[in-house]
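Number of protein chains: 2
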Amino acid sequence: MKMITLEDIKHISIVSPSKIVMLVLDGLGGLPDAKSGKTELETAHTPNLNQIAKKGTCGLIDPVSPGVTPGSGPGHLALFGYDPLRFIIGRGVLEALGIGFELKVNDVAARGNFCTVNNKGLITDRRAGRITTDKCVELCNALSQIKLQGIQSFVLPVKEHRFAFILRGKELRAELSDTDPQKTGVAPYPAKHIKPIAKHTADIVNGFIKKASEILAEHHPANMIMLRGFSKLPDIPSMRTIYKLTPAAIAAYPMYKGLARLVGMKVFNAEGGIQEELKILTDCYNKHDFFYVHVKHTDSAGEDGDFERKVKVIEQVDAALPQLLNLKPDVIIVTGDHSTPALLKGHSWHPVPLLLYSQWCRTDAAKEFSELACASGGLGRMPAINLMPLAMANALKLTKFGA
Amino acid sequence: MKMITLEDIKHISIVSPSKIVMLVLDGLGGLPDAKSGKTELETAHTPNLNQIAKKGTCGLIDPVSPGVTPGSGPGHLALFGYDPLRFIIGRGVLEALGIGFELKVNDVAARGNFCTVNNKGLITDRRAGRITTDKCVELCNALSQIKLQGIQSFVLPVKEHRFAFILRGKELRAELSDTDPQKTGVAPYPAKHIKPIAKHTADIVNGFIKKASEILAEHHPANMIMLRGFSKLPDIPSMRTIYKLTPAAIAAYPMYKGLARLVGMKVFNAEGGIQEELKILTDCYNKHDFFYVHVKHTDSAGEDGDFERKVKVIEQVDAALPQLLNLKPDVIIVTGDHSTPALLKGHSWHPVPLLLYSQWCRTDAAKEFSELACASGGLGRMPAINLMPLAMANALKLTKFGA
Chain A
455 MKMITLEDIK
465 HISIVSPSKI
475 VMLVLDGLGG
485 LPDAKSGKTE
495 LETAHTPNLN
505 QIAKKGTCGL
515 IDPVSPGVTP
525 GSGPGHLALF
535 GYDPLRFIIG
545 RGVLEALGIG
555 FELKVNDVAA
565 RGNFCTVNNK
575 GLITDRRAGR
585 ITTDKCVELC
595 NALSQIKLQG
605 IQSFVLPVKE
615 HRFAFILRGK
625 ELRAELSDTD
635 PQKTGVAPYP
645 AKHIKPIAKH
655 TADIVNGFIK
665 KASEILAEHH
675 PANMIMLRGF
685 SKLPDIPSMR
695 TIYKLTPAAI
705 AAYPMYKGLA
715 RLVGMKVFNA
725 EGGIQEELKI
735 LTDCYNKHDF
745 FYVHVKHTDS
755 AGEDGDFERK
765 VKVIEQVDAA
775 LPQLLNLKPD
785 VIIVTGDHST
795 PALLKGHSWH
805 PVPLLLYSQW
815 CRTDAAKEFS
825 ELACASGGLG
835 RMPAINLMPL
845 AMANALKLTK
855 FGA
Chain B
455 MKMITLEDIK
465 HISIVSPSKI
475 VMLVLDGLGG
485 LPDAKSGKTE
495 LETAHTPNLN
505 QIAKKGTCGL
515 IDPVSPGVTP
525 GSGPGHLALF
535 GYDPLRFIIG
545 RGVLEALGIG
555 FELKVNDVAA
565 RGNFCTVNNK
575 GLITDRRAGR
585 ITTDKCVELC
595 NALSQIKLQG
605 IQSFVLPVKE
615 HRFAFILRGK
625 ELRAELSDTD
635 PQKTGVAPYP
645 AKHIKPIAKH
655 TADIVNGFIK
665 KASEILAEHH
675 PANMIMLRGF
685 SKLPDIPSMR
695 TIYKLTPAAI
705 AAYPMYKGLA
715 RLVGMKVFNA
725 EGGIQEELKI
735 LTDCYNKHDF
745 FYVHVKHTDS
755 AGEDGDFERK
765 VKVIEQVDAA
775 LPQLLNLKPD
785 VIIVTGDHST
795 PALLKGHSWH
805 PVPLLLYSQW
815 CRTDAAKEFS
825 ELACASGGLG
835 RMPAINLMPL
845 AMANALKLTK
855 FGA
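So the sequence lines, in the order shown, correspond to chains A and B.
Counting the first sequence from 1 gives a position; my numbering is that position plus 454.
Counting the second sequence from 1 gives a position; my numbering is that position plus 454.
Certain hints may be false.
Repeated chains share a single entry, so a pair holds when one copy, or any two copies, can fit it.
[Said to hold, decoys possible] Using 30 Å as the maximum straight-line C-alpha spacing, the simulated DSBU-like pairs for lysine-lysine come out as follows:
| # | residue 1 | residue 2 |
| --- | --- | --- |
| 1 | 646 | 624 |
| 2 | 508 | 854 |
| 3 | 686 | 664 |
| 4 | 624 | 664 |
| 5 | 574 | 637 |
| 6 | 624 | 558 |
| 7 | 473 | 799 |
| 8 | 646 | 464 |
Derived by calculation from the structure, the hints in this document are not laboratory data.
If we strip away everything but chain A, and leave its shape as in the complex, we get:
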């Protein structure tokens, strides 16, 4: 069977005044606590979510494919309706988006590590003893002085030994192999062109690395760099083009704002948690018809293995929901970009609970928003990329396919 394409959806999407709010609790899905037998979501006291679930319909979504643990990039692309197996966000691009760098279409980005090499040039520590972020900032400033012929370079600190490296100029290509060998005891590799056309860029990168090693010689343990994940922005059609929406993103963290910008959303910055996010939503409600609202701290708590904190974040979101409900959006979606069970302290492959409410959603038997209720919900289990067409349909923004 052919899969439905973005072109197919574009063909049947129409503009209408109805409004869709997609509330994404990052890493929402969890695993049951051994004692209580309940997940984070099931443990949380969520009267508002349960009320929506009662009137709405529930299901489970797989961001990439059953069993596959998604990164934040693929997880979000899938929610926005883009096949994460087709639109690949490279490591370098994600790193740049993550620090809020506004990548241009032809920029080449890479993830960088400061590392330690011995007097033979062999790597002894891939993280340079985890230098402080302050030291990272200092070294990035030093490397930013490197001049390249006709090419602009950016060396931007991320955290500890990590930085983002971006090249901007004409005829740059990203088909380069990593210089990071992912092991110690060997020298960093030179960047090699994977396609002949990328040879010019490989030369530029290797020239940069040579100059960087000279500057860093006196900065042991951070006396060398490694680069990996050379990539450009994927060529991705805008949500404005595909869905004919005027989409807005409300988020605090750079990576999510970057992902939203990538698919054509207008980005609103919200530093003050869900309360401020919903205040911004209210303020810009008349000017947009699709709203992606991102909550980060469910994921952070899960990553930290803090079951109780994740429960609390979910409860805070629930408590703030009346502000959202007062706006009476035509379609409300609550879900996550992936699961982050506190028990696993990281992203996981588990399908993500999904709650969808609209006047036309065909209410199911789910009486609460929980992994268990979602597993037998009316939406069944489906690939996450089906969510946007479903949201559009419930907002009566899709016409008939075929006669």
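Given the coordinates of chain A, work out where chain B should sit on it, guided by the hints.
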């Protein structure tokens, strides 16, 4: 992931004496009434369907893809196991099938509108004031007099301002743009060839339109025509070839008979409702091994927004079922080609309830045939094109795939 293909199915299908009856209640799926919280199917008193559901297994099917509202063409093709995203039935072909015109493989068909143009040739009414069907018949007869060099043309009335236009002859191509601009205030477009090879056909069509406009000049408000959806029959393998079945269709409405003929079914005409359809089924039962029985009025009632009437049609079908059960088919399927909730007064995207019974179906927990029971049924939620392989399997008409 590669999807299973018709070639794969053909490879494993075998002939056996077992019999499959697929009862299609057009537009079966519904939405719950606000007061009762029950859909049309859930409101209907259906002891026989519930009895089969108890012994059988239930699920939900997506004719095209979640969120996508199917037309009748795609909906039916999917039920017969043909990917509706691959086998496209053009608007013109559907219009011709809909009036029972027996299209040949190389015919080019278009949907026609009589319209009104002013003295500058600009469209003022896209429906010519909705002329009567009698007037439509008269004008179609007049246009049927137009002679084209070496090409046969058919102008056939549909209803009010609508007609079907068919060209028959050598080297005709359907890669033509619409002449219907879908708006007023502009002149109808000339037909343009989308591929160079279609230029000859474009010239023929434009020659026809010129002659038509001369004949219609005195027939204001129907003084012009517009054509759209130029198409040929899709090149579709027969169910006889793929499934090695001897399939029969029992239906009243031309479009469904046309769709059935398209996939190689022998068509039986049944004007007298479900009772007559099941009488015909009984009569031809020994001569075929697959039976598609089509009930139209569930859809008509849904389109009219008549919840109660749709309930009644479902009850009529239920009451007639013993006649079907007496035949003891090896596989009984009850489903729809799409949902048509009375609340939406039209086709919708909601997945369609599916009931399958066979001796080998693996009975599930569903105790009745309803959207709710289907949502947690043993078949889960699946693409509708999986239904035919499932029917074949339950009839023990498929051998093992691979060694």
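Violating hint indices (sorted, rising): none
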